[in-house]
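Engineer: Protein chains in written order, with the UniProt record's numbering: chain A, 1 to 774; chain B, 1 to 162.
Hints should not be assumed to be uniformly reliable.
What the hints assert, rightly or not - Restraint ranges, calculated between C-beta atoms of paired labels, are given here:
#, chain 1, residue 1, chain 2, residue 2, range
1, A, E32, B, G32, 23 to 33 Å
2, A, D151, B, E10, 52 to 62 Å
3, B, A154, A, F476, 50 to 60 Å
4, B, L61, A, E607, 31 to 41 Å
5, A, T570, B, A154, 53 to 63 Å
What the hints assert, rightly or not - Not the full set, but computed from the structure, chain B residues with beta-carbon under 8 Å of chain A:
#, residue
6, L31
7, T73
8, V75
9, A83
10, Q88
11, G95
12, A109
13, G138
14, Y139
15, E140
Calculated from the structure, these hints are not laboratory results.
For every residue, glycine included, the Cβ atom is placed at its ideal position computed from N, Cα and C.
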Amino acid sequence: MTDTTSGFGTGFETLAGARSSTTEGGVGTSPERPDGVLKVTGDFAYASDLWRDDMLWGVTLRSPHPHARIRGIDLTEALTLPGVFAVLTHEDVPGRKTYGLEHQDQPVLAIDTVRYQGEPVALVAADHPEVARRAAARIAVDYELLEPVTDAVAALAPESPQVHAAGNLVRHVKVRRGDRTVRGEVVVSGDYEVGMQDQAFLGPESGLAVPDGLGGVDLLVATQWLHVDQRQVCSALGLRPDQVRLQLAGVGGAFGGREDLSMHVHGCLLALHTGKPVKMVYNREESFFGHVHRHPARMHYEYGADRDGRLVHATVTIHLDGGAYASSTPAVVGNAGTMGLGPYEIPNVEVDCFGAYTNNPPCGAMRGFGSVQAAFAIEAVMDRLADAVGLDPVEIRVRNGFHEGSVAPTGQVVDSAAPVAELMQRLQAMPLPPGGAELDLRRLPGGVSNTTHGEGVRRGVGYAVAYKNVGFSEGFDDYSTARVRLFAAGGVPMVTVHTAAAEVGQGLVTVEQQIARTELGVDVVVLAAKDTQVGSAGSSSASRQTYVTGGAVKAACESVRRLTLTMAATRLGRDVDDLRLEHGDVVDRTGGTVVALADLLGDAAVEDTVEWRHRTTYPIDPETGQGDAHVQYAFAAHRAVVDVDVELGLVKVVELACTQDVGKAVNPQAVVGQIQGGSTQGLGLALMEEIQVVDGKVTNPSFTDYLIPTILDVPPMPIEVLEYADPHAPYGVRGVGEAPTISSGPAVLAAVRAATGIDVRRVPVRPEDLTGTR
Amino acid sequence: MRVTVTVNGERRTADDVWEGESLLHVLRERLGLPGSKNACEQGECGSCTVYLDGVTCCACLVAAGQADGREVTTVESLGDAEALHPLQRAFVDAGAVQCGFCTPGLLVAAHDLLARDPDPEDSDIREALAGNLCRCTGYEKIIDAVHLAAERMAAPADGGAR
Ligand code: FES
Ligand code: FES
């Protein structure tokens, strides 16, 4: 077996009375995922697998230029190609011609200007994908090239050309706390830079739009949030929600990249125009242009401490390049601004975080959402400060780290567990991997390429901490809806759970079943298709679904349980408070069966639909950034061990250990999966992943040139999971998915610095940064 | 053109195939076998891994015409819901499946590995699966799954390979 351990530490006892002992496969266990067998047999229907006999294929013509005026579009040559059914431009968009998550600034199809390379200009539907592609190539677009704005800092200077009429500033978040004239005795400062990362989910953007013959349309699509899609599609098509029905098709990963629309409106437009089902599937190159990316960042950090290494002040400026359209840039700026000082107590702070429009690819949501970029700077500065005052990297974090009761730079009190010190100390106590990689050359930097037999290889160890807000912040009405139905069929009690929460791979479907089993004591839990026939579940992002949709399913189950027990009490003349549901029966206090659920229910069903909200958050003050903006914080920490071939600049991560507090591990196996997957994406950003943009153009839109970690790049990942229940959250859960993506990269960078002695300040780190040949 | 292939033991014919179509496209769109995945169509991700005359390859890099008259084996032939192959069962049990888009290709590649080496070390597994990208799992549970399948296949009598 692998040389990896995954342990679960002993946190506080779980709160909130999870009744997992009564039913197998409930909360706290790792039952088989309901889509597992389908996925290993090839029978699971991903969005790109959908098919109708008479369907057409849709393709998108995209702008080759990052900034241009459109003088005219000639469709004649495209329309005359046999097999072509429709060629559409912005003139064919019947409703609102622009859309967007926060600002509706993005054209469905370019109107008179294109603002980024890859912006959709026209659509084609044809009977074969190649015919559609050839027709698209015959569309003649007359572009007048404009100078692109390509630098997010320069974009905010008054003399910069404007990407949008209202100016290039998307949002400026200020955080001010304490006395800004107070300075620490020991001060370190520096400029840090993070490149543009891609979500690189494996399942390409795809969907199938099916016209209903009555002017409406059904859209099956891979997405993260059905209802926000529905709202935007309705607006663009000028249709009512009952005319635009969405259903989740199988999703091949998401990581933020499916929060914005991709083919949604385009597919529906073509379907409504042709009266036929239309399938659209992006290939990998198009996928790089078909979704937003992680914001590249330029950051100036200055931290000051006293001689004992206690933080005194921080002055920080962050610039995030939002690209051509807003997407979720305002919220990313909000996160990077309010969370951008790390999980450390700092009495005097001044943060300015800017998001700018440019003619670079649009950026928006990606796992870690603003916190990832900041962590590279924060953790580097903390290490330098440790050096300056003579502490080790663990001790400086222990000394300054948040604990319950700490006050964040926004003034918000951290009102549940914040075990930064324990996470660090547990990491330090984990055994280090042995040296002697020479046993197997494949474990050295360069690996199977056989570039070294150990000469020039130096080892380094580095640490980093992450914290991340869970759920949507700053006063957003962040809720989920669950419909739960308890019934009996063939003498067996069953539950149906219906939510619109997108399963993107994380295993939410398993969690929904587990919660229903625990709350209703019923083994068989059927999940209804994820669609817009039930209320919104919010987005599968922000580490929020187990918390929020989990909360909704729990609340709906509790309601159904109350109704069922009341029915039993009334019918049997019992006191309702003496009754419980267990193992498919109504039982009394002694656990003795009062009545079998199937007998009680007969042909009747008990059903309820519940909208559930986490506690309220509040906007921040626009001048000071003060306010209770966040729902909950998640904490993780990493220790990276790397070997660096200092002659070639090649890095091999030897081990990536993680400790994380998850509040309550609803599904321990899925928790470990999230941590390992998230850690790997952070490793990728640290060492290899960057969309390279030159003069507004992407130079590496392929998996040949955009590298994501392979199985050879990823080391063993020992994990310790802590479970300090959050009393505000259902079962005490704390969002899991994002925190590991935040600290793993900074830990790798710290280890690279330790191995090489080179103060690397830009990620991803390139070989030439380590060999001095740049 | 017409393309005839023996897929999973069955002779299949596709008509009106455009010369530029890949074997992957023909399998997925013409023969009703979408199990092999289309994550990159550039030969970089391994999600389309199939056997062609017993040798693993990326179906997206094989022109459909090149496969004419040859034998193709896809993930669909490994096992079905009633009778999973031990590798399929191990991937589910070990938590090696998240979104699952990489899974069919990984299963075929791991199947090929275990046929050559029934008890591989970690490093052997990493080397053998290096052409298969997974964005969700960080690969650790995939390694666990291959070991688990190897163990169960070595000792089928103990009922491990359900
Ligand atoms: S789809 Fe064939 S290698 Fe990626
Ligand atoms: S499980 Fe999603 S790509 Fe591997």
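Engineer: Taking the hints in turn, state whether each one holds.
Structural biologist: To see whether the hints hold, each was checked on the structure:
1. A:E32 to B:G32: 23 to 33 Å: Holds, since E32 (chain A) and G32 (chain B) (Cβ atoms, about 27 Å apart) stay within the stated range.
2. A:D151 to B:E10: 52 to 62 Å: Holds - the Cβ-Cβ distance for D151 (chain A) and E10 (chain B), about 58 Å, lies within 52 to 62 Å.
3. B:A154 to A:F476: 50 to 60 Å: About 53 Å separates the Cβ atoms of A154 (chain B) and F476 (chain A), which means 50 to 60 Å holds.
4. B:L61 to A:E607: 31 to 41 Å: Given a distance of about 51 Å, which is not inside 31 to 41 Å, the answer is violated.
5. A:T570 to B:A154: 53 to 63 Å: holds, 59 Å
6. L31: Violated, about 12 Å.
7. T73: violated, 12 Å
8. V75: Holds, about 4 Å.
9. A83: Not OK, violated: A83 (chain B) not within 8 Å of chain A, min 10 Å.
10. Q88: With a closest approach of 4 Å, the Q88 (chain B) hint holds.
11. G95: For G95 (chain B), the interface hint holds, since the closest Cβ of chain A sits about 4 Å away, which is under 8 Å.
12. A109: violated, 10 Å
13. G138: This interface hint holds because 3 Å falls under the 8 Å limit.
14. Y139: Hint on Y139 (chain B): holds, closest Cβ of chain A at ~4 Å, below 8 Å.
15. E140: holds, 5 Å
Hint compliance for this structure: hints 4, 6, 7, 9, 12 are broken, all remaining hints hold.
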